[in-house]
Structures are given as C-alpha cells and as structure tokens.
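4 protein chains.
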Amino acid sequence: MALDTARLLITCPDAKGIIAAVAGFIVDNHGNILYADQHTDPLTGEFFMRVEIELAGFGLDEETFSAAWAGIADRFGMTWRVHWGTKVKRMAILVTKESHCVSDLLWRWSNRELMVDVPVVVGNHDLLADTVEGYGVEFRHQPVTRKTRETQEARVLEVLREAEVDFVVLARYMQVLSPAFVAEYPARIINIHHSFLPAFAGARPYHQAHERGVKLIGATSHYVTDELDQGPIIVQQTTPIGHRDTLDDLIRKGRDLERVVLANAVRLHVQDRILVSGNKTIVFD
Amino acid sequence: MALDTARLLITCPDAKGIIAAVAGFIVDNHGNILYADQHTDPLTGEFFMRVEIELAGFGLDEETFSAAWAGIADRFGMTWRVHWGTKVKRMAILVTKESHCVSDLLWRWSNRELMVDVPVVVGNHDLLADTVEGYGVEFRHQPVTRKTRETQEARVLEVLREAEVDFVVLARYMQVLSPAFVAEYPARIINIHHSFLPAFAGARPYHQAHERGVKLIGATSHYVTDELDQGPIIVQQTTPIGHRDTLDDLIRKGRDLERVVLANAVRLHVQDRILVSGNKTIVFD
Amino acid sequence: MALDTARLLITCPDAKGIIAAVAGFIVDNHGNILYADQHTDPLTGEFFMRVEIELAGFGLDEETFSAAWAGIADRFGMTWRVHWGTKVKRMAILVTKESHCVSDLLWRWSNRELMVDVPVVVGNHDLLADTVEGYGVEFRHQPVTRKTRETQEARVLEVLREAEVDFVVLARYMQVLSPAFVAEYPARIINIHHSFLPAFAGARPYHQAHERGVKLIGATSHYVTDELDQGPIIVQQTTPIGHRDTLDDLIRKGRDLERVVLANAVRLHVQDRILVSGNKTIVFD
Amino acid sequence: MALDTARLLITCPDAKGIIAAVAGFIVDNHGNILYADQHTDPLTGEFFMRVEIELAGFGLDEETFSAAWAGIADRFGMTWRVHWGTKVKRMAILVTKESHCVSDLLWRWSNRELMVDVPVVVGNHDLLADTVEGYGVEFRHQPVTRKTRETQEARVLEVLREAEVDFVVLARYMQVLSPAFVAEYPARIINIHHSFLPAFAGARPYHQAHERGVKLIGATSHYVTDELDQGPIIVQQTTPIGHRDTLDDLIRKGRDLERVVLANAVRLHVQDRILVSGNKTIVFD
Numbered sequence: 003m004a005l006d007t008a009r010l011l012i013t014c015p016d017a018k019g020i021i022a023a024v025a026g027f028i029v030d031n032h033g034n035i036l037y038a039d040q041h042t043d044p045l046t047g048e049f050f051m052r053v054e055i056e057l058a059g060f061g062l063d064e065e066t067f068s069a070a071w072a073g074i075a076d077r078f079g080m081t082w083r084v085h086w087g088t089k090v091k092r093m094a095i096l097v098t099k100e101s102h103c104v105s106d107l108l109w110r111w112s113n114r115e116l117m118v119d120v121p122v123v124v125g126n127h128d129l130l131a132d133t134v135e136g137y138g139v140e141f142r143h144q145p146v147t148r149k150t151r152e153t154q155e156a157r158v159l160e161v162l163r164e165a166e167v168d169f170v171v172l173a174r175y176m177q178v179l180s181p182a183f184v185a186e187y188p189a190r191i192i193n194i195h196h197s198f199l200p201a202f203a204g205a206r207p208y209h210q211a212h213e214r215g216v217k218l219i220g221a222t223s224h225y226v227t228d229e230l231d232q233g234p235i236i237v238q239q240t241t242p243i244g245h246r247d248t249l250d251d252l253i254r255k256g257r258d259l260e261r262v263v264l265a266n267a268v269r270l271h272v273q274d275r276i277l278v279s280g281n282k283t284i285v286f287d
Numbered sequence: 003m004a005l006d007t008a009r010l011l012i013t014c015p016d017a018k019g020i021i022a023a024v025a026g027f028i029v030d031n032h033g034n035i036l037y038a039d040q041h042t043d044p045l046t047g048e049f050f051m052r053v054e055i056e057l058a059g060f061g062l063d064e065e066t067f068s069a070a071w072a073g074i075a076d077r078f079g080m081t082w083r084v085h086w087g088t089k090v091k092r093m094a095i096l097v098t099k100e101s102h103c104v105s106d107l108l109w110r111w112s113n114r115e116l117m118v119d120v121p122v123v124v125g126n127h128d129l130l131a132d133t134v135e136g137y138g139v140e141f142r143h144q145p146v147t148r149k150t151r152e153t154q155e156a157r158v159l160e161v162l163r164e165a166e167v168d169f170v171v172l173a174r175y176m177q178v179l180s181p182a183f184v185a186e187y188p189a190r191i192i193n194i195h196h197s198f199l200p201a202f203a204g205a206r207p208y209h210q211a212h213e214r215g216v217k218l219i220g221a222t223s224h225y226v227t228d229e230l231d232q233g234p235i236i237v238q239q240t241t242p243i244g245h246r247d248t249l250d251d252l253i254r255k256g257r258d259l260e261r262v263v264l265a266n267a268v269r270l271h272v273q274d275r276i277l278v279s280g281n282k283t284i285v286f287d
Numbered sequence: 003m004a005l006d007t008a009r010l011l012i013t014c015p016d017a018k019g020i021i022a023a024v025a026g027f028i029v030d031n032h033g034n035i036l037y038a039d040q041h042t043d044p045l046t047g048e049f050f051m052r053v054e055i056e057l058a059g060f061g062l063d064e065e066t067f068s069a070a071w072a073g074i075a076d077r078f079g080m081t082w083r084v085h086w087g088t089k090v091k092r093m094a095i096l097v098t099k100e101s102h103c104v105s106d107l108l109w110r111w112s113n114r115e116l117m118v119d120v121p122v123v124v125g126n127h128d129l130l131a132d133t134v135e136g137y138g139v140e141f142r143h144q145p146v147t148r149k150t151r152e153t154q155e156a157r158v159l160e161v162l163r164e165a166e167v168d169f170v171v172l173a174r175y176m177q178v179l180s181p182a183f184v185a186e187y188p189a190r191i192i193n194i195h196h197s198f199l200p201a202f203a204g205a206r207p208y209h210q211a212h213e214r215g216v217k218l219i220g221a222t223s224h225y226v227t228d229e230l231d232q233g234p235i236i237v238q239q240t241t242p243i244g245h246r247d248t249l250d251d252l253i254r255k256g257r258d259l260e261r262v263v264l265a266n267a268v269r270l271h272v273q274d275r276i277l278v279s280g281n282k283t284i285v286f287d
Numbered sequence: 003m004a005l006d007t008a009r010l011l012i013t014c015p016d017a018k019g020i021i022a023a024v025a026g027f028i029v030d031n032h033g034n035i036l037y038a039d040q041h042t043d044p045l046t047g048e049f050f051m052r053v054e055i056e057l058a059g060f061g062l063d064e065e066t067f068s069a070a071w072a073g074i075a076d077r078f079g080m081t082w083r084v085h086w087g088t089k090v091k092r093m094a095i096l097v098t099k100e101s102h103c104v105s106d107l108l109w110r111w112s113n114r115e116l117m118v119d120v121p122v123v124v125g126n127h128d129l130l131a132d133t134v135e136g137y138g139v140e141f142r143h144q145p146v147t148r149k150t151r152e153t154q155e156a157r158v159l160e161v162l163r164e165a166e167v168d169f170v171v172l173a174r175y176m177q178v179l180s181p182a183f184v185a186e187y188p189a190r191i192i193n194i195h196h197s198f199l200p201a202f203a204g205a206r207p208y209h210q211a212h213e214r215g216v217k218l219i220g221a222t223s224h225y226v227t228d229e230l231d232q233g234p235i236i237v238q239q240t241t242p243i244g245h246r247d248t249l250d251d252l253i254r255k256g257r258d259l260e261r262v263v264l265a266n267a268v269r270l271h272v273q274d275r276i277l278v279s280g281n282k283t284i285v286f287d
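Chains as they are written, first to last, in the working numbering: chain C, 3 to 287; chain H, 3 to 287; chain Y, 3 to 287; chain U, 3 to 287.
No wet-lab data here; the hints were simulated from the structure.
Certain hints may be false.
With a Cα cut of at most 30 Å, we get these calculated DSS-like pairs of lysine-lysine [stated by the list, open to error]: (1) U:K255 to U:K282; (2) Y:K255 to C:K282; (3) Y:K282 to U:K255; (4) Y:K282 to Y:K18; (5) U:K282 to H:K282; (6) Y:K149 to Y:K99; (7) U:K89 to C:K18; (8) H:K255 to H:K282; (9) Y:K99 to H:K89; (10) Y:K89 to Y:K282; (11) H:K255 to H:K18; (12) C:K149 to C:K99; (13) H:K99 to U:K255; (14) H:K91 to U:K99; (15) U:K282 to U:K89; (16) H:K89 to U:K255; (17) Y:K89 to H:K18; (18) C:K282 to C:K18; (19) C:K91 to Y:K149; (20) Y:K255 to Y:K18; (21) Y:K255 to U:K282; (22) Y:K255 to Y:K282; (23) U:K255 to C:K255; (24) H:K282 to H:K91; (25) U:K89 to H:K255; (26) H:K89 to H:K255; (27) C:K255 to H:K282; (28) C:K255 to Y:K282; (29) Y:K255 to Y:K99; (30) Y:K18 to H:K18; (31) C:K255 to C:K89; (32) Y:K149 to C:K99.
Next up, chain C with everything else stripped away, as it sits in the complex (with noise of 0.2 Å):
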C-alpha cells in the first residue's frame, strides 16, 4: 500500500483519446505511471479509469494539480478525484456485539497490513471496549434504544465528525442508518451482510439460509445507501455447507468469510480502487 503514490479516478463518456490525454498528461509532468488500469461500460457507454502515479518526480501536488489538470477534465466531461497516498485514510468503525470483524480490522492494522489512522470504534453496546482499547484504540459507548435513535444517531455522527474521519466500516453493526446519516459519507461506508447478497437480505441470514437448505453460504460487502443492503456491491465470497453444518455451525463457518470479505473490501477502498456507477462498483484490483 503505497503512501508515496497519488491515484487518480476518472468517469467520462467514454471518446477516442482519453488514455492518450491522461497519460500524456502525466509524462508531461514528469510523472511515472505505475499502474493504469481503465474500463468502458459496453452498455452504458461509461468509462472509467484508475491511474496510480509515483509521486516522487512527479511535478504537481495538492495545490496546483486542479488547475493544471481542470483542461482534461473540461475536455472530456469528466468526473473525477485524486487521493495523494500521503494523506492517510481516518477510518472509524461502528460494532455492536459481534468481535471478529472488530479484531480482525485491528489487527490487520497494528500489524501494518491495513494504512489508516482508526482514531475511534463507537459500539452501541460496551462489550468490545476492551477489545479495542487493548489495541489502543479509543472506545466511545453510544447506546440506543427504539426510542432515542434519533439522538444516538446525531451523536455517533458527532464522534465522527470530531474524529475527522474518511470513512466508516460498520463491523456487523446492527443498527440500520438513517439517509440522513447514509448522505453524510456517500460511498464511504463498508458493510459486511452475512448472506450472499441479493439472497437472505435484512434480518438473520444465517437463519434463512439453514432454513432453505442452501450448499453454500456467502457473505457480502457493500457500500451502505438508503436501501438496506441494496448499495453497489464490492467484494462476495462463499464457501460450502452440508446437511451435517448446524445453524451454529453456519455461523462460525460465515464468522470466517465475513472477517476475509470485509477487510479485502476495505483495502480496497483504502487503496482507493473502487468507482461506483449507479448500484454497481467497478473495482480496479
């Protein structure tokens, strides 16, 4: 995971001459591209594009690359961001009772797996307190019943707020967000549904799944929208069950799955390879 690269993200209709302009671009700047990895959507006529450039030598920087870069982007309509690997990502994640996923994130983390800042987990329960400041991790309580979702709400977004956070990882958080909350990190938050997504969405997947008798089970991480686990999906895994697999059996198996989806989707986003196109990603890996 490179902090010494920026990685620019391009969506335009797609039109003859794009890479050619995009790279010239950068060699222009005395830029050396490391990976360009592009797509056109043969349906809707999008193009997309993932361009990684070595920072060293390279001839812009935060300040002045808009300015330079504002002709290209005019030219072809584009919409586009760039992340400067210097910049490291501020990642919050939200539990509630559930650790695998919680652990895994941290330990991935403190081994330098994971290049992010975490400076909060918010649970709506205590149980991990321990777990996460044991990673030195601050821990904020923030409880909620039906009554005071609301208020929890405005509060958990306060943490966040105050933490100037980037992005938000709901580790099996199980509390669904309101839009109001969801349009505050547009496609910059994770969640990790234990089911083969469009199969056993809401409530207790692995409930549904042994009661349909499925041979596999899956797990789903997605970028959280207003629709319950409707947003663009980014990582899916399965793996194979039998008649002899209880339902606890179903969820220590999906215990494995989620931990491996959700950090692979997170690195993903961390190492800013996702786009989003209407509900679908397009994941440069």
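We have chain C already, so just place chains H, Y and U on it with the hints.
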C-alpha cells in the same frame, strides 16, 4: 458406481439402537457393509441413514428383502427404500435449445462415468436432435406453444412412460412443469437453475445478476416441486466475476458451472445418495 | 464442540460385523450414538471408525470402559482409543515472530470457538509476549541459537511437560524439531506450512512460489513427523494469485489462508476427528 | 472474442512515457482503444502492455502498421507483436486415448465459444477418430513406438505444417516432445498437466497425489518448453478431495478440472492475452 451393491435408505424418528439393529440385520443376513452414513436433525429429531451393502454373499434379494426387513422397519417406524445396483436406472433428459448440459451428460454416460440407461431425450425444439442422435440416443421432438401446453405435457409424459423412465433431468428445459407432471416423479425430476438460489429465481437469472452487480455467479441443481425454483437443493456452486464480464461472459462462465453442478446432482441421485426431508436434502457423499 | 460426548476411534482389519458389534455394544450399555462414521481403505483392507456417544445415560465411564470393551477390541484386532469430552485437551502453541496464526487461535479460544485449555505459549523470540499475555495466557521465552538447539529443545519439552500438554501447535514456529521431540507427541504436533505441499517444501515457500510463477498459493496443516514437511496432511487450501501479486502480496494473502487452515486442523484434532494411517489421514468431519 | 480488433502486445524496459506514446500513436491513427492493460515487474524492471484496438476507423492495417509503429518501438526498445482479429488462428490438437479434453475443446469450438479454425487433430492412437470426425474435423492417426519416436514426430510436424497451424494443444497427449519440435512453436504449444505443478510433475500424477494423501487435486496448463512440465504456467485450479476418494474418483474429479483449465488457457491464448517473460506468464484477462 457399484452395480454390485444394494443401497438401503431410511428415515425415522431418532431412537437408541437403530444403527445396531440395522447393522445387526445385515450381518445376520451375511451382508458386508461398504458404507454406512447417518444423520440426525437436532431440530426435528429425524434420523436418516444410508447403508451400502455388498451383494456378493448377501443372503437377501429383491424378492426376499421386504419380508425379512419388515420387523425392524415397523419397530422404528421407518420410511425406507432399497435400490439394487443390478437394476440400472433409466434416465430421460428434457431439453430446449441449449446443448451444454445435455452434451455433457451424454458424454459422461458414453464414457461410463454415469451408470444409467438413457432411453430417450425429449426436446420442445428439434435443434439438438443431431447432437443426441450422434450419441446413439433416441430424440423425440414435442413442440409446444402457449395454447398446446397441456396436450404437449401429456405427450411428453406418455413418451416417458413408454420409455419406462425412473427419473427425469431438465437440462435447461425452458418450460414450467405442471403439478400433475411433477406428481408423477416426486423427488425424481432434477433441474439445473442458472443462479445461486434463492437469489435470482425465475426468468433470466444472468440478466438479473448482471443488473445487480454481484461479484459471483452460481448454479443450483434441485428437485422440482410445484413451486418454481423452490424445490430441495442438491448441489450449488459459485464462480467469481468482475466488472469486465459482460452478460455474454456470465453466460459463458455459467455454462461451465451448470454442467458440473447438474452432473454432480445426477451422479448423487443415480447412486442413491440423496434423502429428502421437507424442503431440504441430506446428501451422503 | 460437545463436552458431553465420548468419541471412540477404531482401526482394524476389515471384517463383517464390526459396525453391528460396535453399535450393539453401545446400545447394550444404554448409549446413544450421535455420529458414526466409518471408512474402509480398499487398497489396504483397513477399517476405520469414529463413534460419538452421548454421555447422558451412557452406562460406562473412564474407569469402566476398557474392561467392558476389551472383548470386542480383541475379537476384531482393534487399535482404539476413546476421548471423554469432559476432559478438556491442553494445547501448547510454539511461535517465533509471526503473530497471525497464534493471534487467530487465541481469538478463537477466547471466543469459545476452540474448546481447549491453553496453559502456555512458547516463543524462541519474545516479540509476541504482549499479544499472548493480552489474552491472559502465559508466554515463555526460550531463545535458541545454532549452538543451543539441543538444550533449548530440552527446556521447551520441560515446559510442555510441566504444563501437562496434550498436543502442540506450531503456529509458524521457525525451528525444525528433533526426532526425539517428535517422539514425545506422536500425531499430536500440528504444523502449518505455507505452501500446497508437496510443492515448495522447506524454506521460504512463498519465494519459491513467486519464482516459479504459479497461479495459486496454498497452505497445508499436517502432523509433524521426523521428515520435514512430509507428515500426514490434515487440511489444505489454495487461493488464486496473478502476475500483479508481489512477494509481499503472496505473504499477505497467504496469512489469511494459513490461519484458517491451521484453525481447521486444530478444531478437527480437538474434536477427535482425525485418524492416521501410515502417512495419510482419515478425517471424519 | 472480437474478430474486429487488433491486439498489440509489448515488452520493453520500463520508462516514463510509454503509455502516453502508445496511446498517442493509436489516437493519431484514429484508433479507439477498447482495453489497455499494463504491468511492470518491480524486480526486473520489465514493462508489459496489451492494447486492444477497434479495427473500425483505425487508419492502419497489416501492411502499414509496422512501418508506422517502428519509431516508437525503437525509441523504447520494444519487443512487440500485433494480432489482427480478422485472421482466425489455426489450432491443432494432439491426443492419445483420453477424450475429455479434446471433446470439450471441439464442443466449445462448434458452439462458437472458441473462435479458431481446427484443421486437424492428430492421435498416436486411433481411438478418438470417430469423436473427432463426428465434429467434422480431420483426424490423422500417427502411431508411435519407442523405436519410431523420431520419425513419428517428423510426420506429425509435417501434418501441422501442411495444415498451416498457428498453435498446438496437447489434450492429454501422452508423448514427450523433442526440443526440435518445441522450437518450431515457441510459446505456442499448450499442455494440460493433471496436477497442481510443481507438485507431482512427470508420470501418473493422480497416483502420486493419492499416495501422498493430499486434500486437494489440481490441474495446470502451461506452455511447453524443453524441460518436462517446467514451462510457464498459464492457468491452475484445484478441487477438494477426501479419504473416501479412490484413485478412480481422483481421475474422475480431475477430468472436470482439466477440461476447464485447458479451455481457459486456450481461450487466453486465442485472445492474445498472454505474454511470456522468462518462465512466467503475464495474463491480461
């Protein structure tokens, strides 16, 4: 696939002493158990067992088994059946236009991987006649329109009866069977659905999958019941896809899944490895 | 993971009537069989069986079982052992510097996914002392140099003996154990090797894999024998890689494999699901 | 599989400005880039690129491309080739007795999944003549004994030359090719080996796998080089096995792997998605 074994399949309420009684019965009749598998559903208290007995030396046969066995069956309230490997199952295949599943099944049959007889393949189109006849198997064309659904089904059933078919495989047969048809072959019609059920049931699952932006596609083989795509699942498998995969790529990758998933389900059925309980299967593989 | 069951593991020459005798014995002693698995190796004629018996109501216990069982064991020439679920196994973990496997095992243990006692973790480096002690488990530092190998091993063995350890997990322990050490825990030392054995045995398997240009990496857990990386394999798994994956990526992806593969092998061992025959395992999962 | 594109494949030392130069060249010649993939090997400093250009509107063709392109190729010291989709590749298949791989390839070809011409299949046995001819493809029987190896190979080569073959697929061809033969088709002979190489290279890999007691079997497709089973790997896949699987089960399960792995490698080759560097492949899929 042993032709020289008998397979005894048992369902009954769980109780102490079932295995001892079954194993004792077999040894008393000079039988050798090659495989014995059992399962107890902790929720329903149902007990399931499959025993595969070497025919060589076994003191019972098709004519004498039932009477000898009745005592134990009664004592434990068993639902049971026994399959004699010497009696090769007769499989019919129903097709429409897609060739990959039927070609694969016929290839396995001709290479003696699938130990069945294939008296007939029925198509509601005649596109696959040459393929089927190239394997030396009779092809019967039974075209259908919206108006002729009932009479066509009756004719198909007649063909299957004449061919003395034991079970039916829907190898991408694009017609919904009526409850009356299904009732003729309970837990003996195997379908392949080109999605990871219960996701994307019904028509055009690859279109639905592409639309939803999933990162895996799947295939599901199941027994056909009155409710479309809701029958007991036998085998499921998934394969990764990405944003570059067009609908055509999904269809292509799906074909490789479908034929393997269907062939596995057929093999399990032929070897009498599947017990159905409610809407689930117990698969003793 | 049932604490309230006994697991009887049997190896003997195949013969008619074994299952009937075993099941009859259990029913005669008022036991209820929860699971019964058996396997006959068609090449060697060896018969293997695992029976899991509910303790509630069973008429035998640790003191009375052997005498009652001796008749059947002798009659069929059985090698056998019985594990009483009430007797929780004591697991030691040996580590060097890598934390992912030991952290994962301790996490599973602390979340009661792994029903064992962990009296001690021994490290030839002290880097992981905090991690281990954070879980409330004793960490013993036993440094080693080329010259002190023998005496260090003796000291480690002493620690294990004092801790009354039942089995040992090498959680990326970067030392080769002597035959004398291995002989103390036959089929009771579980190693995780970071390749798909037998490919890339020995040192630096990810380097070897990267060098060879394979398209999958693997992990293998196996019982330790006198020959390095040659012991009976318990669990193996692979994951896809591509040309973009650097050696660091292989190591990162491999970690996710290793901890799941090792945890599975440990679970199977703890639940007495593994029988060893020559250099192979029979795994009744 | 686009017939209406050109694919430009480039290898050269990494340098700033390559992508800009290539993309600029294409836009200057009124070409539209459909896909552009690139990779830099951080160890060797080699740069690899694949560009797929829409032929419609492109100002260059087979006759004019080289001269126009020479400037850029020289400037960056490129090794390069261009494939014109209009020129359908001619594939020969070499077989012995096993039918699953050749049947699968011919099925894909006849269903237009594989866009190639298949002028000839050569067998050192004549067992598969009917299968091949059933697809309307010429079968040439070229028997071989230990004594006639050299002359047989010469005859096979002659057949391939007459058929103006572009590349050769060894679909379970049980003969080792001489270096002289291999030299005629460098990186253009694709083999399927029925193991997860480098494990179980050489003869009877399923026997070796069964003997070793592995828990997965694999299949590997690779380009043939002078060293047996040592060539650059294109595709690998594995599937789980267990103690119940006999050698025959391994062979059966392996067939399903082999045909998918080989078909994928052939597809990648036909679509010009593979670059070879030393003993590794870069696969732009």
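Status of each hint after checking the structure:
no., hint, verdict
1, U:K255 to U:K282, "holds, 27 Å"
2, Y:K255 to C:K282, "holds, 25 Å"
3, Y:K282 to U:K255, "holds, 20 Å"
4, Y:K282 to Y:K18, "holds, 24 Å"
5, U:K282 to H:K282, "violated, 46 Å"
6, Y:K149 to Y:K99, "holds, 20 Å"
7, U:K89 to C:K18, "holds, 25 Å"
8, H:K255 to H:K282, "holds, 27 Å"
9, Y:K99 to H:K89, "violated, 61 Å"
10, Y:K89 to Y:K282, "holds, 27 Å"
11, H:K255 to H:K18, "violated, 48 Å"
12, C:K149 to C:K99, "holds, 20 Å"
13, H:K99 to U:K255, "holds, 27 Å"
14, H:K91 to U:K99, "holds, 28 Å"
15, U:K282 to U:K89, "holds, 27 Å"
16, H:K89 to U:K255, "holds, 25 Å"
17, Y:K89 to H:K18, "holds, 25 Å"
18, C:K282 to C:K18, "holds, 24 Å"
19, C:K91 to Y:K149, "violated, 47 Å"
20, Y:K255 to Y:K18, "violated, 48 Å"
21, Y:K255 to U:K282, "holds, 20 Å"
22, Y:K255 to Y:K282, "holds, 27 Å"
23, U:K255 to C:K255, "holds, 25 Å"
24, H:K282 to H:K91, "holds, 23 Å"
25, U:K89 to H:K255, "holds, 25 Å"
26, H:K89 to H:K255, "violated, 36 Å"
27, C:K255 to H:K282, "holds, 20 Å"
28, C:K255 to Y:K282, "holds, 25 Å"
29, Y:K255 to Y:K99, "holds, 18 Å"
30, Y:K18 to H:K18, "holds, 22 Å"
31, C:K255 to C:K89, "violated, 36 Å"
32, Y:K149 to C:K99, "violated, 49 Å"
Violated hints for the displayed structure, listed by number in ascending order: 5, 9, 11, 19, 20, 26, 31, 32.
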